[in-house]
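**Q** One-letter residues, chain by chain:
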Amino acid sequence: MKSKVGLLSLIKQSSCTCSMNSHYNKTPLTAAPFARAFKSPDSNFRFSPSLFLARRFESIKAGKQLDSFGSSVNNQFLDFPGGRVAFTPNMRFISESSEERIPCYRVLDDDGQPFPDSSFVKVSEGVAIKMYNDMVTLQTMDTIFYEAQRQGRISFYLTTSGEEAINIASAAAIKNDDFVVPQYREPGVLLWRGFSMQEFANQCFGNKADYGKGRQMPIHYGSNKHNYFTVSSTIATQLPHAVGAAYALKMDQKDACAVTYFGDGGTSEGDFHAALNFSAVTEAPVIFICRNNGWAISTPISDQFRSDGAVVKGRAYGVRSIRVDGNDALAIYSAVHAAREMAIGEGRPILIEALTYRVGHHTTSDDSTKYRPVDEIEWWRTTQDPVTRFRKWIESNGWWNGDIESELRSSVRKQILHALQEAEKAEKPPISDLFTDVYDVSPSNLREQEHSLRETIKKHPQDYPSNVPI
Amino acid sequence: MAAIFLGVGAATALSPSNCFDSKKFQLSTRRSLSGRKPWFLVVRSDGSVNLGSNQRSRRTQQLITNAVATKADSAASTSASKQGHELLLFEALREGLEEEMDRDPHVCVMGEDVGHYGGSYKVTKGLADKYGDLRVLDTPIAENSFTGMGIGAAMTGLRPIVEGMNMGFLLLAFNQISNNCGMLHYTSGGQFTIPIVIRGPGGVGRQLGAEHSQRLESYFQSIPGIQMVACSTPYNAKGLMKAAIRSENPVILFEHVLLYNLKERIPDEEYICNLEEAEMVRPGEHVTILTYSRMRYHVMQAAKTLVNKGYDPEVIDIRSLKPFDLYTIGNSIKKTHRVLIVEECMRTGGIGASLTAAITENFHDYLDAPIVCLSSQDVPTPYAGTLEEWTVVQPAQIVTAVEQLCQ
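One line per chain: the protein sequences are W and E, in this order.
According to the working numbering, the first sequence holds residues 758 to 1227 in order.
According to the working numbering, the second sequence holds residues 1045 to 1451 in order.
Bear in mind the hints are in silico, worked out from the structure with no lab data behind them.
A portion of the hints provided could be inaccurate.
[What the hints assert, rightly or not] Now the stretches of chain W that chain E is said to cover, found in silico as 3 or more residues with beta-carbon under 8 Å: (1) 975-984; (2) 1026-1036; (3) 1135-1146.
Each residue gets a CB set at the ideal place from its N, CA and C atoms; glycine is no exception.
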């Protein structure tokens, strides 16, 4: 049995130790005109702004400044709005890309063994087993629900194939009080928090037990008791929501953060840029997790952006970022764990780019073999499967074996099939739920409209579905 | 005189036109730290019953009783107190905002330049000094995103007020307002509420140019799940601001650029205005004139002329743009049988167009003449002062329209 003493503060290892802070340390008091202090009358204000924001300024010194280090003749700096900037006689454009791409943090190799010099946050046996269990459950749920859609039992579905580690490991690294603001490919986070197979199935069938009361299409899960915001189909609109949620947590000085997910395609939306910018300016404790899986429906990365992925965009907004192997559960776990500590402890946003591959189709309405080679899909599915890699790791720890594996898979499968059946049989929500929750209290026009609909149904019962209770 | 009763979840004999459902009294209390909110009933001076919520039960008795009563011809002074204090409309908005921020620590403000600058129309002046930079938050310029941020904060328990520097800028926030603000309460099955207030100045100003003279109420009116109100006097500005903040639904409060400096004496006591109610500005017998926001003043000016000519117009400031207060409006139509709508929206797809449809559907039998709707033309607002004036309905046109209607 190998001992797996994981490491710790990856912060110290990371290269992004805010070297820009050292710039501002030299700034005299009267410069940097537009920085503001986030004061609050409450003197226990927890998130102390970093030095260069600590002052409120009344004037702009636009003229030349005496250089406090050198002679008055050789003015090599100027206090522009935003801070002191050094001059250079060389006209040099910053290259559009660096020589090498930002490297990717990875802990486990393809055989599930940690690299010799890898550092990672220790995961206990209990947590590791739960992580693996949930990854298998997620995988099985995806398979069965996808098939159910093909059989016509549910109307729509989308899988998380290839991204199980991102879902489960990130969920394992955060706490139940942290708000999760998903895109739509993160049911694993809900699964980790205790959402049952039955609850998933209920939402997919839109039956009476669905928390969303049957109003949304499948996979639009949401549960306030699990602190998981309801999925909204629009891309990247959840990113500012996460900033708002983090802002609320910061105002309440809670020991919690907001965690939000989005894909590579989502980084093109305006909301992504503004959300990162806002989070940096408001110093909100939010973790942005980009699932860079290579495809936005049929649009490959090369057509989506020309930067080095999403991770380099963090620096543009003043957000600390890291690139992680999205198929490596331990790497994800460690990165998210560290990110959470920084987000809450330092009051800052963190951007995590998890590189991975979307093994499945975009949704059940898509056939991805039409726009990408089948062998590419197969390669990722077989050689980079995050579930397999993690299993190899727990097996090598002696925490798992083939017997438990088959037992788990068959029991999970039974559970899911049972949940499907029960959900299918269950009653649909009544007609009245078409009109409730538009407002807190139903206004007269909606009550009239409901009445009118009921009259119509009474007159033409054969035109209305018989399984929807009136 | 109206009377107020404190009831918790009480069911009473409710007239069908009241806009609530007695089964829906139980509010979700997930985000309310103070627990269940007591409701109160307001019996209006004309005998109808309305429902409101007052989260601070111990102050109920102090709420002034004619907050929703009809008034004679002056814009909003109360007979309950001759004292009161005078202030300008933007100050009234600020007073309402400040009172709510004092009362509930979850209320916060976000928008461009709302902090130390005090807001482009000074509605939030002084608040950042009092409550801190975090509670009165200056945002970067990205309307869709700070509206989204407000929605996210509201879903987790805050009660944000999002200020659009000009309502026209909220066109950029349309995605968040329509897809998330209006929908998430519904699509989450009632699990998440969005008690957000979106406010800002709109309407045609003095030569602000086409882009800054928009009437967004006409674009937002279809969005399910939101409420819209328009204030027109310091009295109702403060009352509607407070009511909007206390409401569990997303509310869009439309102010008008040219009304911020209106002065009025308002009560010292705390009061709120009902969000779904119209305001009777001038009772009359011959014709019902429906209007809101700045056009109210053009109508009242025309009313003076009309009175001199022997007409007796009934002027109603509809105030609630979504939903319409068809109860008040209907009662008026049943009395006068003639309707004139005066609005600043464009003719096509404006609030007047919807109101015309609603009245025709509901009160067709009571009309002696077709509904006349005076609106702006379907053109972008020109910059030239004279041209701009002619895109806005003027009192002379209103007088002519009434004369024609009453033939």
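**Q** With a cut-off of 8 Å between beta carbons, are at least three residues of the segment 1026-1036 of chain W near chain E?
**A** holds (count 7)
**Q** Report holds or violated for chain E covering the segment 1135-1146 of chain W, Cβ cut-off 8 Å, minimum 3 residues.
**A** Since three or more residues must qualify, the claim that chain E covers the segment 1135-1146 of chain W is violated, with 0 doing so at under 8 Å.
**Q** Quick check: do three or more residues in the segment 975-984 of chain W have a beta carbon closer than 8 Å to a beta carbon of chain E?
**A** holds (count 4)
Violated hints amount to a single one, hint 3; each of the other numbered hints is respected by the structure.
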